[in-house]
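There are 2 protein chains.
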Amino acid sequence: MAERRMKPVKLEKALTFLEPGPLLLVTTFDGKKNNVMTISWSMPLDFDGRFALCTGPWNYSFAALRKRKECVLCVPGANLAKTAVQIGMVSGADTDKLARFGLKTRPAACVQAPLLEDCVACVECRAERFLPAYGLFILQAVKVWENPSCPDPRLVHAVGDGTFYADGEKFNFRRLMRAKLPPGL
Amino acid sequence: MAERRMKPVKLEKALTFLEPGPLLLVTTFDGKKNNVMTISWSMPLDFDGRFALCTGPWNYSFAALRKRKECVLCVPGANLAKTAVQIGMVSGADTDKLARFGLKTRPAACVQAPLLEDCVACVECRAERFLPAYGLFILQAVKVWENPSCPDPRLVHAVGDGTFYADGEKFNFRRLMRAKLPPGL
Numbered sequence: 020m021a022e023r024r025m026k027p028v029k030l031e032k033a034l035t036f037l038e039p040g041p042l043l044l045v046t047t048f049d050g051k052k053n054n055v056m057t058i059s060w061s062m063p064l065d066f067d068g069r070f071a072l073c074t075g076p077w078n079y080s081f082a083a084l085r086k087r088k089e090c091v092l093c094v095p096g097a098n099l100a101k102t103a104v105q106i107g108m109v110s111g112a113d114t115d116k117l118a119r120f121g122l123k124t125r126p127a128a129c130v131q132a133p134l135l136e137d138c139v140a141c142v143e144c145r146a147e148r149f150l151p152a153y154g155l156f157i158l159q160a161v162k163v164w165e166n167p168s169c170p171d172p173r174l175v176h177a178v179g180d181g182t183f184y185a186d187g188e189k190f191n192f193r194r195l196m197r198a199k200l201p202p203g204l
Numbered sequence: 020m021a022e023r024r025m026k027p028v029k030l031e032k033a034l035t036f037l038e039p040g041p042l043l044l045v046t047t048f049d050g051k052k053n054n055v056m057t058i059s060w061s062m063p064l065d066f067d068g069r070f071a072l073c074t075g076p077w078n079y080s081f082a083a084l085r086k087r088k089e090c091v092l093c094v095p096g097a098n099l100a101k102t103a104v105q106i107g108m109v110s111g112a113d114t115d116k117l118a119r120f121g122l123k124t125r126p127a128a129c130v131q132a133p134l135l136e137d138c139v140a141c142v143e144c145r146a147e148r149f150l151p152a153y154g155l156f157i158l159q160a161v162k163v164w165e166n167p168s169c170p171d172p173r174l175v176h177a178v179g180d181g182t183f184y185a186d187g188e189k190f191n192f193r194r195l196m197r198a199k200l201p202p203g204l
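Chains as they are written, first to last, in our numbering: chain A, 20 to 204; chain B, 20 to 204.
Just chain A, same shape as in the assembly (with noise of 0.2 Å):
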């Protein structure tokens, strides 16, 4: 079954659910057992795959990151939307988190964090460097899933006041982008 769900697509396409900006679950591996942790601040830095993401020693997710130097960048959608926000408000030192939502997880390809199967995407990433003055991990991305059964793949943005905004209308401005679109995209 979760061979059915997740499907590996090409690197590229991780542009594509990170740039909207979305809030993202966060999963590591620190050695012993697996982690996740919410966090809405991240960017792309190219269209190779390479991605920044903030965060500090304040989550306890924090350190495992950099010791082992891997995560998966998880997308959820509006379903996990709740379920992401109570995740942010408790800490995996004394949670064990994936255990308490029932977030369904399996095994990545090229890191040892894992995947979780009800997300939009899933976005296997090696930390390349940290910049502790502000917090910066720079990562680059190195496998791509996509859930195309997500129940509901709108992405969640998070306003940072306690609300937050699922995608609504589309607008398809391909045609007039067409000259600066990077190639299969």
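Derived from the structure by calculation, the hints contain no laboratory data.
None of the hints are false.
Using 25 Å as the maximum straight-line C-alpha spacing, the simulated DSS-like pairs for lysine-lysine come out as follows:
1. A:Lys32 with A:Lys162
2. A:Lys189 with A:Lys199
3. A:Lys101 with B:Lys189
4. B:Lys86 with B:Lys51
5. A:Lys199 with B:Lys101
6. A:Lys101 with B:Lys199
7. B:Lys32 with A:Lys101
8. B:Lys101 with A:Lys189
9. B:Lys189 with A:Lys189
10. A:Lys32 with B:Lys101
11. A:Lys162 with A:Lys51
12. B:Lys32 with B:Lys88
Computed from a predicted structure; not experimentally measured.
Position chain B relative to chain A; hints supplied.
Coordinates of chain B only, in the frame set by chain A:
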């Protein structure tokens, strides 16, 4: 009239306009003229108005930002989505984009680049640092403006493939998140 539209708000509120990951119109002043570029790669770095913005020499405005170390992050609502895309398709090298697209400007308070009056919000920023390896500007907000009379305040999110989503359904998890909300938001 202009004074009635954009009103100053506290610095911490910048986060609520930028954390959702919206498409941005970034204004600059190169010492001679104003310019504007469309960028969707940005994110918060803290709760006190520090942000990261990713761009490069392919944007004509890049030189002005490096030289003057100032810009305004203007957040267009859905009414400006198509205009923002059009702005991204021409260059300030040979086009006065503010005039061509009929963008109403007004002077900023702390920087020389202009505010765009028809946006949802404008965040005046100073560039603290540039990290050439990643085309990354570290920006510090110095003044924030909100436009309560924006005709369509839905933020716009670039997918990266020529399509865009406006903010749709709103979720309010303020009660659930109360213990973690930054003061005053």
